[in-house]
Amino acid sequence: TLPMPTPEHGRTSAPSQQEQMERKENQLWRASLLFLVLLAAGFLAASWQTFRSLPMRLEALPLGILVLSVLFGAYSWTKRREITELRGFVRGLQANAASPPTDKQFDQLLELVSRSQRGYRDLIDSLDHVVFTLSLTGEIQLVNRRFVEILGLGFNDVIRHGLDEFLLEPAREEIERALPRFLEKHSWSGVVRARLRKTGELRYYDCILHAVLKDGQVAAAGGLARDITAQRESEARFSELFESLQEGVYSTTQEGKILDANPAFVRMLGYEKKEELLAIEAQDLHVDPSNRSRLLAELEKRGAFSDQETLLRRKDGTPLLCMNSASATRDASGRITRIQGTLMDITSRREAENRLHEGQEFIRQLIASFPDAIVVLDSARRITYASHRIEDLTGHKPAELVGTFLSDRTFAEDQPSLLSAYDSLIAGEQTFAQLEYRSLHRDGSWRTIRADASPLFDVAGKIAGVVASARDVTESKRLEQQSIQREKLAAMGQMVAGVAHELNNPLTAILGVSDLLHERATDDQTRRQTNLVYQQARRAAQIVQGLLAFSRPPATSRTRVQLETVVQRALDLQNHSLNQYHISVDFEAPQDLPPVDADANQLLQVFLNLLVNAEQAIREVRDHGTIRVRAGHSIGLVWVLIQDDGAGIRPEVLPKIFDPFFTTKRPGGGTGLGLTVSMTLIKEHEGTIEVQSTPGEGCVFRVVLPAASRVELPPVAKPTSVSSSLRGHSILVIDDEAGIRELIQAGMSARGLRVECVSTSEEGLERLAAQAYDAILCDYHLPGMNGEKFFQHVLANLSIPPQKFIFMTGELLAPPALEAFTGPGAHVVQKPFQLSELAALLVEICEPVTSKA
Numbered sequence: 076t077l078p079m080p081t082p083e084h085g086r087t088s089a090p091s092q093q094e095q096m097e098r099k100e101n102q103l104w105r106a107s108l109l110f111l112v113l114l115a116a117g118f119l120a121a122s123w124q125t126f127r128s129l130p131m132r133l134e135a136l137p138l139g140i141l142v143l144s145v146l147f148g149a150y151s152w153t154k155r156r157e158i159t160e161l162r163g164f165v166r167g168l169q170a171n172a173a174s175p176p177t178d179k180q181f182d183q184l185l186e187l188v189s190r191s192q193r194g195y196r197d198l199i200d201s202l203d204h205v206v207f208t209l210s211l212t213g214e215i216q217l218v219n220r221r222f223v224e225i226l227g228l229g230f231n232d233v234i235r236h237g238l239d240e241f242l243l244e245p246a247r248e249e250i251e252r253a254l255p256r257f258l259e260k261h262s263w264s265g266v267v268r269a270r271l272r273k274t275g276e277l278r279y280y281d282c283i284l285h286a287v288l289k290d291g292q293v294a295a296a297g298g299l300a301r302d303i304t305a306q307r308e309s310e311a312r313f314s315e316l317f318e319s320l321q322e323g324v325y326s327t328t329q330e331g332k333i334l335d336a337n338p339a340f341v342r343m344l345g346y347e348k349k350e351e352l353l354a355i356e357a358q359d360l361h362v363d364p365s366n367r368s369r370l371l372a373e374l375e376k377r378g379a380f381s382d383q384e385t386l387l388r389r390k391d392g393t394p395l396l397c398m399n400s401a402s403a404t405r406d407a408s409g410r411i412t413r414i415q416g417t418l419m420d421i422t423s424r425r426e427a428e429n430r431l432h433e434g435q436e437f438i439r440q441l442i443a444s445f446p447d448a449i450v451v452l453d454s455a456r457r458i459t460y461a462s463h464r465i466e467d468l469t470g471h472k473p474a475e476l477v478g479t480f481l482s483d484r485t486f487a488e489d490q491p492s493l494l495s496a497y498d499s500l501i502a503g504e505q506t507f508a509q510l511e512y513r514s515l516h517r518d519g520s521w522r523t524i525r526a527d528a529s530p531l532f533d534v535a536g537k538i539a540g541v542v543a544s545a546r547d548v549t550e551s552k553r554l555e556q557q558s559i560q561r562e563k564l565a566a567m568g569q570m571v572a573g574v575a576h577e578l579n580n581p582l583t584a585i586l587g588v589s590d591l592l593h594e595r596a597t598d599d600q601t602r603r604q605t606n607l608v609y610q611q612a613r614r615a616a617q618i619v620q621g622l623l624a625f626s627r628p629p630a631t632s633r634t635r636v637q638l639e640t641v642v643q644r645a646l647d648l649q650n651h652s653l654n655q656y657h658i659s660v661d662f663e664a665p666q667d668l669p670p671v672d673a674d675a676n677q678l679l680q681v682f683l684n685l686l687v688n689a690e691q692a693i694r695e696v697r698d699h700g701t702i703r704v705r706a707g708h709s710i711g712l713v714w715v716l717i718q719d720d721g722a723g724i725r726p727e728v729l730p731k732i733f734d735p736f737f738t739t740k741r742p743g744g745g746t747g748l749g750l751t752v753s754m755t756l757i758k759e760h761e762g763t764i765e766v767q768s769t770p771g772e773g774c775v776f777r778v779v780l781p782a783a784s785r786v787e788l789p790p791v792a793k794p795t796s797v798s799s800s801l802r803g804h805s806i807l808v809i810d811d812e813a814g815i816r817e818l819i820q821a822g823m824s825a826r827g828l829r830v831e832c833v834s835t836s837e838e839g840l841e842r843l844a845a846q847a848y849d850a851i852l853c854d855y856h857l858p859g860m861n862g863e864k865f866f867q868h869v870l871a872n873l874s875i876p877p878q879k880f881i882f883m884t885g886e887l888l889a890p891p892a893l894e895a896f897t898g899p900g901a902h903v904v905q906k907p908f909q910l911s912e913l914a915a916l917l918v919e920i921c922e923p924v925t926s927k928a
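Here the numbering used here is used: the first residue of the sequence shown is 76, the next is one more, and so on.
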């Protein structure tokens, strides 16, 4: 404190009124500064919880505000003391105006003023903002250090120079246009765009200008400018981002007023202008208003939410499914003042997800309904996936098999071929493999598995594993073996039947001759020898009869069967092969199809044979085709039609297709017994098989069976032995075997009959047309017109009673064939036969003729 001048008498005078006012002013300053600090501390204490909710980097803001308030108070108090000292010194000078100040007092005054100016200068220079004073003509009068640092010059290079020497913007014209308003208002605030002349750099400043008055007139303008370039750049970048984002960005109040929205949000909702959208309440955009209430509750509770599905309504009324994320801004009291968030349109994604789900569901259902088990294996031969059908094959649930190896349950002998095929697929050496192997079932049995496998590729197109479909073919293999065995038995039966038929003719001759020799023998030794020959021949005939009986199909175990069920079962058994060769099946059957009395297994074999033939006929000419299967019925009959679009059957081959061992397939392709066995089985069921073929267009097989009834066959008439004389009667013998003709002629001539013999049916018809006979003996198997056709021709054209006919056969005729003869009244004898039995039958036929005569 500077020493004040004292009165002449060296006594201190009483405090003046001005000094008392200064003391009171000092007290007021101290009270004001203390109140300012306490006010800042109280405000911070009251708002502490609000500041705590701010981000972590802003938690130190309250402490900074308090420290800044204390420093400002200390600085103000210091400056106040300096001003008080200066005032006291001036009063001292005024009180001693008569005596000038000493040099010491003047030095103290200069030091005080200099210290005060340095303090203000240091304060101004320490500010980070630009401080300046400009004349009304734009001349720079005062600047702080920050101003010259921006220009990169010294104070002397700036003071007394015009502002336009350093700035390209704002231009002088722009300043002059704004000057009248400033002179009127004495103040101005706003953002100034400044471009440095030296570097061309563009900066933005938030400025405040105040008028400097002199004698009541504006003499200059003092200003404070805060550099907001970085803020403006951030705002520009944010604005760019805000405008260019593909996601919708919005801002609303808690009450629902939309404050702002970016173009993407406007487009998402189908509006052309943002103003249209801002005029709508946020709750009106929600399809379900309760959803917005739920989201607001989440904001109240947590302050933010993310990835919430929100269904909005577009301008045209269509729904918009979005993924909504938002956060809330609160005021000092904690009330939500603003909600800002982003929306991402997931309508297309959800549709894609739904389509993907539908595709996955379709594949899942397809795999679930697929009759085969689907298995996926990795490159290490481990099972990574198995469908539920795998339980039918192995007895294990899919989860039990995942992670196990391919060879774990495979029969040891089948493992090399199975693993070799797998390795070939993994190596890319082949794209498809089909194989059969035996697999151990959970119940301990071995099952035969047929698998089709292909490589499985990853997203990069590399082979990552193998996918296979597998089915249990144990039962079908068993049926296949049974079918093969039946074909073998049928082939053997056909062979035996042919051999037996050929043996019956010579045996008939041997029996007849031995019988004649026995009758003509004159001594006992000859009779014994001829009797021995007769007995052995008879024994051979019995053996042949047994072979003939064996060659016929076994007796069927017939039950009432639905024919469409048997056909469907055959299709199921053959389905895998048909699918493999791209052959489709078109099967239709009426619901009212009558049942048949049949052996279902034998009919199954018949239809399997026909389906296999149809498949092979198609495969010979093309890699795909169609088999058409139809079932129907007429009066008393049920029929099944199987039609293929293969090559058809050549006309010269068609009559031979039912012959044993006849085949058009290459060696090893078939035995030639399938159709023969089928014909035999259908005949045993009193049915027929018909075939029609068009070369190049395919063929049609038609199986006809009686509907749910059995034909009761009348017993074959047995010859009756009589002693009546045959003299005076005539017979016609028709047989292609010369030995049989000679035997009958010799034996019957010895009994008084007139016997004429021919070798063919045609010769027999000529004789019958020329004269009458008491009986006709005809062989069943004749070259050209066989015995059955000969009989029908005679009945239709010659009016000869059927009772006069005796048909000889070396094979066991089926009941329908017997019915064709015995029904009208003809007789049938089985070779070999005895002459005596034949004579007795002839007597029975000729007796009515004798009585009539």
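Hints were generated in silico from the structure; no laboratory data involved.
Please read all numbers here as calculations on a predicted model, not as lab measurements.
Just so you know, not all the hints are guaranteed correct.
[To be verified] Below, simulated DSBU-like cross-link-like pairs (lysine-lysine); rule was C-alpha separation at most 30 Å, straight line:
{"hint": "1", "residue 1": "K552", "residue 2": "K563"}
{"hint": "2", "residue 1": "K289", "residue 2": "K273"}
{"hint": "3", "residue 1": "K349", "residue 2": "K390"}
{"hint": "4", "residue 1": "K472", "residue 2": "K552"}
{"hint": "5", "residue 1": "K758", "residue 2": "K563"}
{"hint": "6", "residue 1": "K731", "residue 2": "K758"}
{"hint": "7", "residue 1": "K537", "residue 2": "K731"}
{"hint": "8", "residue 1": "K348", "residue 2": "K289"}
[As the list claims (entries may be wrong)] What follows is a set of in silico ranges between Cβ atoms, one per label pair, in the way DEER data are often shown:
{"hint": "9", "residue 1": "D467", "residue 2": "R424", "range": "33 to 41 Å"}
{"hint": "10", "residue 1": "H463", "residue 2": "P665", "range": "33 to 41 Å"}
{"hint": "11", "residue 1": "P245", "residue 2": "V142", "range": "34 to 42 Å"}
{"hint": "12", "residue 1": "Q637", "residue 2": "E695", "range": "26 to 34 Å"}
{"hint": "13", "residue 1": "S454", "residue 2": "K552", "range": "18 to 26 Å"}
By construction, the Cβ of each residue, glycine as well, lies at the ideal position given by its N, Cα and C atoms.
Cross-check of the supplied hints:
no.: 1; hint: K552 / K563; in the structure: holds, 16 Å
no.: 2; hint: K289 / K273; in the structure: violated, 34 Å
no.: 3; hint: K349 / K390; in the structure: holds, 12 Å
no.: 4; hint: K472 / K552; in the structure: holds, 25 Å
no.: 5; hint: K758 / K563; in the structure: holds, 19 Å
no.: 6; hint: K731 / K758; in the structure: holds, 17 Å
no.: 7; hint: K537 / K731; in the structure: violated, 55 Å
no.: 8; hint: K348 / K289; in the structure: violated, 53 Å
no.: 9; hint: D467 / R424: 33 to 41 Å; in the structure: holds, 39 Å
no.: 10; hint: H463 / P665: 33 to 41 Å; in the structure: holds, 35 Å
no.: 11; hint: P245 / V142: 34 to 42 Å; in the structure: holds, 37 Å
no.: 12; hint: Q637 / E695: 26 to 34 Å; in the structure: holds, 33 Å
no.: 13; hint: S454 / K552: 18 to 26 Å; in the structure: violated, 31 Å
When each numbered hint is compared with the structure, violations occur for hints 2, 7, 8, 13.
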